[in-house]
Each structure stands twice: as structure tokens, then as C-alpha cells.
Amino acid sequence: MTDTRTSRTNIESFVMVGRTGDFAEGSGKRVIVNGRGVAVFRVAGRFFALRDRCTHGAARLSGGSVKGACVACPRHGAHFDLETGVPTTLQAVVNVETFAVRVENGSVFVSTEGTFAEPAWFSGRRLDQWSSQGEEHDALSRE
Amino acid sequence: MRDSHSAGRNRPPAHNARGAGNEPLTVRRDADLESDDYRYGFHVPEDYVYRSRKGLTAERVEEISRMKGEPGWMLEKRLEAYALFKRKPMPTWGADLSAIDFDEIYYFIKPSEKQERSWDDVPDKIKETFERLGVPEAERKFLAGSGAQFESESVYHNLKEEWEDLGVIFTDMDTALREHPEIVRRHFGRLIPAGDNKFAALNTAVWSGGSFVYVPEGVTVDIPLQAYFRINAKNMGQFERTLIVCEPGSYVHYVEGCTAPTYSADSLHAAVVEVVALEGARVRYTTIQNWSRNVYNLVTKRAAAYEGATVEWVDGNLGSKITMKYPSVYLLGQNAHAEILSVALAGDGQHIDAGAKAIHAAPGTTSSIVSKSISKGEGRAGYRGLVHVEPGAEGARSNVRCDALILGEKARSDTYPYMDVGEEQSNIEHEATVSKVGDEQLFYLRSRGISEDEAALMIVNGFIEPIVKELPMEYAVELNRLIDMEMEGSIG
Amino acid sequence: MITPTAGRSLRDLTGSMLHDAILRSDEPGWLGQMRALMFDRFRDRGLPGEFDEQWRGTDLRSMGLLDLPIRFSYGDQNASPIVLDGIDAAGSRSGPLPWVATLSDSVRSFPELVRSYLFGAYTLDATPSLVALNNACLTDGAFVHLPAGHRSTRPLGVSFQPDRLSQLACPHNVVVAAEGSRGGVIEEFRSHQPADAVEGESRIFANAVTEVFVAPGARLDMLTLIDWDDTIRSCHRAVAHVADGGRLRWALGTAGGRMVRVDMEVSLDGPGAESHIVGLGLGTKGRHIDHRTVQHHSCAETTSRINFGTLLTGDSKSIYRGMIRMEPGAFKADAYQKNDNLILGEGPRAQAIPMLEILADDVKCSHGSTVGRLRDEDIFYMTSRGIPEIEARDLIAEGFIRRLLAAGGKESELTQRLFTMLTERFRRDAAARTESEELVETEP
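Read top to bottom, the protein sequences are chains A, B and C.
Sequential numbering from 1170 applies to the first sequence in this note's numbering.
Sequential numbering from 138 applies to the second sequence in this note's numbering.
Sequential numbering from 8 applies to the third sequence in this note's numbering.
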């Protein structure tokens, strides 16, 4: 469970978005949290949630394909790391908001408070520092 | 070693290396032996014959990958890209691409099967252009599609040794994938993912040939790397994929193409170029292309400039039937800089839709775009550009200058610039003018005894001068000669 | 005018309903026929969608246009949204008096005159879908006619102010300056929703059209003022045709509104025709403003100038699309377009797309566009002299507006009026700065 990034961990700030069975492995699904779209992904048993809006062209990431630990936007193919929302390819240059996800008793909960990773120019991060589309390729390590 | 410089180009003299029967010798370079498939590193059953076929299927994509002996991850990328290519729609803007029939194209032709055309079939105008431009004999046939090979062995080999000492890698993409897979994998598709647009998807599925350049940290490559050095029919393909990676603090100038009319039997060229300029690196990429008038030249060229880095695109678009090309720079690190210079000349039957894109995604980034286009006869030249400033890119500054010259009442010029600014502390300026050769200017020059034709030529040369002066000397000279030819009879 | 069944929305309205309503009304046959044709045209084309190049970035289809009740008329004349001004005062120095009346009155009094101009700005095939919608469902409007040779001393005024009911209103103005005439016309679109009005209470969408015809040798000074409260959404297509030797000066100011779209198109139809446009869009709070201008040259020796600016604060979003198009016959045409977008604050986003399509060779054509802070030093200069930053911003804004209007040429009563409206509105909205969150569009 990846809920350590939000400041609050009370159950009250999480919204239930469905049962685990509602989310197919290896794909994304759009849910509404606080009136705004959130894309929930289930990959290798883990759950991730991102704002359902590509920071490049506003397409819905929930309709994108999952590539390893990333999702590729359906419109122009920009990849985002599912855990941090950081773009790993162009044309996206802005991090997408991510939300903590909790699974309890077979129900999936998404936090109402999102997080943004630091801008790339600030942290000095480079596109090629992410493993290529999240494959298990040992030569490349995540920094 | 620049002893061939006096020949006007970094190319070997024409008399080199012809066999006894006057057939051109093949270039001997690692893994480049034309007819020896075993050199590719895979084992082909003796009785297997690959026949070039039209149209594209997943099986054909697999064949391409297998013939090249690629690792599994590249095959996977190709197949994913093929699926995307089928799904993606054609662009609804830009030039008219409706005549492209994807089923009629040969997506991969074995070099030994490439068709040549007879020298007699080469149009006189082309032959005349070669003459006027001073293109060496040996090159003429090659450029005209009438000769399969062009060898540049001696010059290339000497320079190659120098580079290898520095740790510079300059080779073709197929070789790079074989010999430096980790670098390729790290950067391939980062700037232009397969889903970017329909033609990027196509290229990612069927790419072959193109250049790979890697410059280690702190290394400056004095002499421009010329694609021409390692060009031959095998590498000069329709779906070239080029990747340039410059480590921090390095410098390289890469040059491709030539002003001489270059014949291509393939009517669709969908190339992809990715340039990575890491911190403090500087890359200049110069292209002069003059494809034959049957070619659809659709190129996706994109660079990433990190902190303190500079990327310069110098783009000369002549020839082709339709060109759609918008070199872009993504300024991802603080104080990165982009410079894009573009010159286009469109005549009868041509539509050149060129431009530039600068994306400011970090503070202190700057960009300068200069576009000069000339439309003559019934040609149509256009500028299509984007300057995008993200919120947070404080201190971003951009200046765009597009000038168009219309020669003749049937010519057309378009300008479609987009500015999208989300940051208050920025300064974005754009200016464009469209005019013809001015009556006053002509009058002035003629009053000094200069003929009307010469005067017009002077004005046109003056018009494109800011860009021409950035070209390597031999290209500048050739471009001027070419303009000279094109301008004859254009004013009236 | 016609009065079909009350409360009909676009979604429910069918061609035959409209046809019946037309039959029942006292409108002349030709007008009814045009409405029917236009309705069919709108039905064919539908609302512009996201792939329409001219509408990228402004999602018209998400604004619930189709479900608003259409106001075909305002019934009681006393409650008419059309207010006319200055008829008596526009006493002429020479020639007959100008005609200024509502469209409905004009159709009754001078049907042939109205018929020769109404809907004349576009050919049927070229009529954009929103204009077709307006033509089919037109609420009412004003018809202004400056007779040949007439010279006005004061500008005439036409004002449209919808009442507070939810509605899709289609006001339609026609302004004609006949041969050799000289005059000024001010058209206003305003509303005064109470400050505490809540979004759900009433929804008004104004789909307005203004057609302007400048005859040979005539000189017309127009001012279009859009001053909406925060809840209105509107589209306005303002089209002008300038004939040989005619001259049009047009000032445009837009303020307020939740979403405001203006298309201002000037067509220089005869040799020597000239147009000068100056305009400013005020983007404050969380507005979405979208301005498009077209300078269309098809004849020799025509001149057009546009100075268009946007001033953005709060979380506003602005799009400016400017087109200069020159057809093959535009020998020695001269066009210039300048667009300046000033962003004050961290929230606004500005897009500028100045375009050129030139198919003639012997022309002079240029454009310039700037976005961002023009002069960083201004604010620093002032704050270092003890002027609070907010006031410094207001002063910069005012300076920007003043410079823009000055670039449009000699100051006139019209531009003075525009300046006053814009600066007052800017200050008023600035005072409400802290409540800017109200109008922020939530993402889909």
C-alpha cells in the first residue's frame, strides 16, 4: 500500500472508488473523486492513482496503455511513471498529480489530497533516468 | 585532417576507388559488406530468400527485426508501434497527404534489391543542376539514383580514428543497436515515443538506417560529422532513425543532406531524429535537403536541452513534393537555449510546411526562431510554429521572426504561429512579414547599373543571408548557386 | 416577430415547429423563408466542436446551449432589451435624418430596405453555424441606417440588455452607412446580475450577430462594448463589409462574462477600402475569453490595421486568433496586425495565434504579437517609490489600455468611452480579486 506520501492518513480523507474486482489487472479506470476525474491503475497487484488528465494535451490517462511501471497517454504517447506522476518521455513536461491508494477488505480507496513531485528542472532529473517503460532491465537503475 | 577541403566539400575526390570494370567498389567498413549477410550476426538458412513486398503487416515488421538480428525489446517496440500506426488518424492540418497509399509502399528493401535508374532517364534539369553546383562526377550518379554506392573511405577512415580516440561514436543506427545497445535503449523513444503521431509510429515500426552519435563528457568534436560520410544506398532510407546523445559539456555539429537534387524512388520519407543535449552540452544539427519532386518528406525532429545546454537546428528545405517538418527543442533545464533557423524554397507543385517549436519548461530558458521562406511559381511555403511557456518558467524569453518572400502572383505563403504562455514573468515576441521583391529596392540597384535579374538575385540572397551564413561553407556556396538557378526567370 | 411555444429549447425545436410559428406571426414571407433556410443550415452543421480549428481551446459543446429556452421575442415593448439612444441628438448638418429603430419596427416600416441588408454579410453557403442559429432564431435587434450624404454630429446608440430569465438570446444588429455618409454608432451588450447571483439561478447565453455595411466613400466609426456580469456566456459574430473608398474605424471592448467569444471579421471589398480596428479583451477572475479577428483583402489597394490586446489577471484564460488573408486580386494591399497580451499575476494563461494566408504577391503585410510582462521595471519602479504592488498593477493596466487605444489612432468620443468602461471594470474586478476562486472552471 502506497499511502505514505500524503500528510494525512485518516480514513476520512479517502474516498471509496470500488471493489478490487472492478479494476482489471494491467489497465486503468476512470473514477470521480471530489467531482474530478482520477485514473486508477492496477499493475502487478499494486494500485496507483493519477489525475485523469494528461499534462500535455488534457487527454484521459485512464484510456492509456500500461507499459511496465508507466502509463502511455492515448493521444500522443507520453509516458508517466505511475508511482510519482513524473513524465518519462516527451511531449509531457509537467508532473501529473498522484493520489495515495489504500485497499482494505477488498475495497479500493483513493485519497482526496494529491501530491506533485518536484519539477524536473528543480530536482535535476533527466528523462533517461527512468527505466525504459519500466521493464525489468538491469542495466538501467532508477536514481 | 581536412585535405579534401579544397575540393569544396569534406568528400573524397571523384577519381577514387573504381574497379577494373569501372564498377564502384563496395565500402569496406565493419559489418557493412553489402552482399555478405552473415556479417549482420545472424544465421540465415541457405535457402531463405527475402523478397521485398509491398504493404505492411505485423509479420513484415517481425521479418525486418529478424533480418537485422535485433534484441527482443526492439522487436517489441516495433510491434507496439505498428499497432499504434494502424490506430492513429492522419493529421487534419498541414499539407495534403491524401495521396499516400500505405499499401503501395515497400517498407523494407534489401539493399541488393534496390532498383537503380539508368543515367539516361535522369532529367536534364537535374544533370544541369549538378553541373552548375559543381557536384563531382562520382556523386552525380549516386545522387540521381543511378548508382548504388558512394564510397568515402579514405576521408572517413582517417577521421574515424581521431574520433574513436576521443570516445566519440559515429555510426549507423543498426550498428549502434548491435554494438551499444545500452545507450540506445536508454534514449530511444524518449523524446519521440511511438504514439506521438502517425508517422513517428510508422518509423518506430519499420525504421532502418540513420545515424547514431555519442559524444562523451567534455569532448568537443571540431569537425562537423557528416551523414554523408557513411552514406550509401543501404543507409539512406525512407525510414531513417537518428539518435544523438551529448554528455555534459560536450560539443558536436552534425550535418546531413546536400543541396544537390537527390533522387529517391521511395515517395514516402518518414524520418525521426532525437537529440539529447545534457547539462552544458551544445549540439548543432544542420540539414539541407533537396529531395526529388515525388517525395513526401515527413520528419519528426525533437531535441531535449538540459541545464545550461544549447541546441541549434539549422534547416534548409528545398525539393520534395510535400515537406512537413517542425524541428523542436524542449528546454527542460534552467537557462537552456534553443536556436532554430529555417529556410524554405517552394516552387511549382511543392508545398513546404515547415516551422519550429520551443517549449520552455524551466526558468531562465531562451529561444530564438528565424524562418525565411520563399514561394515562387505556384509553390506554397508555410511556417507553422509553437512557443509554449509553462507556469514556473520564470524569466523565459523567446523571439520569433518569420519572413516570407512571394515571387509571382500564383505563389502562396502561410504563417501559423502559436504562442501559449502560462507564466507572467516571461517575454514572448513574434513578428512576421510577407512581401515581394520591393520595387524601391530593385529601382535602387538598377540605378546602379545592375540588371533586373541580378538585382532580384541579390535581394533574395540578402533575404536568406542570416541563415546561409550559419551553414558550413561548402553548403553555403552550393545553396547560393542553387538559388541562382532557381531564380532565373522568376522575377517578371 | 414570431412567438413559438414558450420555453422551447434548441434541442426540442424542430423545423416544422419553427415553420408553424413563422406562419402564425406577422413577419413578411421572405423573412420567414430565410429563417427556415438558416435553421436547416444550423441543423446540418451543428455546434462547432473540438476539432474545428477556429474553436480549439473553447469547448462550446459543454456549455449547455442546446437546453436553454430560446427567446424569440420580448413580447411587451416596454420590456424590450433593445434600447436606442441619440436619435434626436444625431441631428444632421445636412441631408435626411438617420433611421434607428428595432429590427422588428424596421421590418414593418421599411421592409425592402431591411431586406437588402439583413443576412447579407455571408452567402448562404458560407454562413457559419452560430450565425445561422442567430438568423433562424433572432430575438430582435436594431437596424441603423445612415442615409447617403448624411453627416452625424453625435454617435447613435444601440443597447441590448437581456432580462434575468434563463435563455438563449439571439440579438441581431444591422448598421448601414450609405454612400458618402459619415457617422458613429455605439452598440452595447450589457447585463447587471446582482452581485450575489448564484450560478444555478439563471443561465443566459447570448448568441449575437452584428452586420455592418460601409458603402463607397462612407466613413463609419463603430464602438462595440460588451460588459457582462459574471454569469453570462456569449458569442458575438461582428462582420463588416467595406466598399470602395469606404473607411471603417471600429473599437471593441469586452469585459465580464463567464465565457466570451468575439469573432470580428472585416472584408475589404473594393479598391481603396480601409479599416482600422482597436480592441481590448479584459480577462479578470476566472473568465475564459476568446477573440478572433479577420482581415480579408480581395481587392487592390486596400488597407487594414488591427491593434488588439488582452489584459489578464486572476485565473483567466485568453485565446487570440488573428487572421490576415489576401486573395490573388489584392494588388498593393497593406495589412498590419499587432497583438499584445499582458499577464498580471500568476494565474492567467494566454494563447496567441496570429496567422497569415497570402495568395497575392505585390502586398505589404506584417504582424507582431507579444505575451507576458512587457516591462518588469514598471512594477519595481513604482513599488520602490512606496506605491503598493496592487496599485502599481492597476496603474500598469491603465497604461496598457491607454497605449493600446492610442495606437488605434486619434482619440475620439468612442475610444474615450471604451477607456472609461475598461478601466472602471478592471478596478471593480480587481477589488473583488480575493474572490477569484468563484469563477474557476472545474476540470472535467
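Derived from the structure by calculation, the hints contain no laboratory data.
Quick reminder that beta carbons are idealized off the backbone N, C-alpha and C, glycines included.
Incorrect hints may have been included.
[What the hints assert, rightly or not] Pairs of lysine-lysine residues, derived as DSS-like cross-links and limited to a Cα-Cα distance of at most 27 Å, are as follows: (1) Lys223/B / Lys205/B; (2) Lys223/B / Lys547/B; (3) Lys547/B / Lys371/C; (4) Lys1198/A / Lys547/B; (5) Lys262/B / Lys547/B; (6) Lys191/B / Lys205/B; (7) Lys417/C / Lys547/B; (8) Lys1198/A / Lys335/B; (9) Lys297/B / Lys223/B; (10) Lys205/B / Lys264/B; (11) Lys458/B / Lys191/B; (12) Lys278/B / Lys458/B.
[What the hints assert, rightly or not] Among chain A residues calculated to face chain B with C-beta under 8 Å, some are: (13) Arg1229; (14) Val1262; (15) Ser1292.
Comparing the hints with the structure gives:
1. Lys223/B / Lys205/B: Cα-Cα ~23 Å, so holds.
2. Lys223/B / Lys547/B: At roughly 37 Å apart (the allowed maximum being 27 Å), Lys547/B and Lys223/B break the hint.
3. Lys547/B / Lys371/C: 16 Å, holds
4. Lys1198/A / Lys547/B: 53 Å, violated
5. Lys262/B / Lys547/B: Holds. Lys262/B to Lys547/B sits at ~22 Å (cutoff 27 Å).
6. Lys191/B / Lys205/B: Roughly 19 Å between the alpha carbons, so the hint for Lys191/B and Lys205/B holds.
7. Lys417/C / Lys547/B: Roughly 38 Å separates the two Cα atoms, so the pair is violated.
8. Lys1198/A / Lys335/B: This hinted pair holds, its Cα atoms lying about 25 Å apart.
9. Lys297/B / Lys223/B: Judged against 27 Å, a Cα distance of about 40 Å means the pair is violated.
10. Lys205/B / Lys264/B: 36 Å, violated
11. Lys458/B / Lys191/B: Judged against 27 Å, a Cα distance of about 22 Å means the pair holds.
12. Lys278/B / Lys458/B: 21 Å, holds
13. Arg1229: 14 Å, violated
14. Val1262: Holds, about 4 Å.
15. Ser1292: Hint violated; Ser1292/A Cβ to chain B Cβ min 11 Å, cut 8 Å.
Figure legend: structure checked against the earlier numbered hints; hints not met, in rising order: 2, 4, 7, 9, 10, 13, 15.
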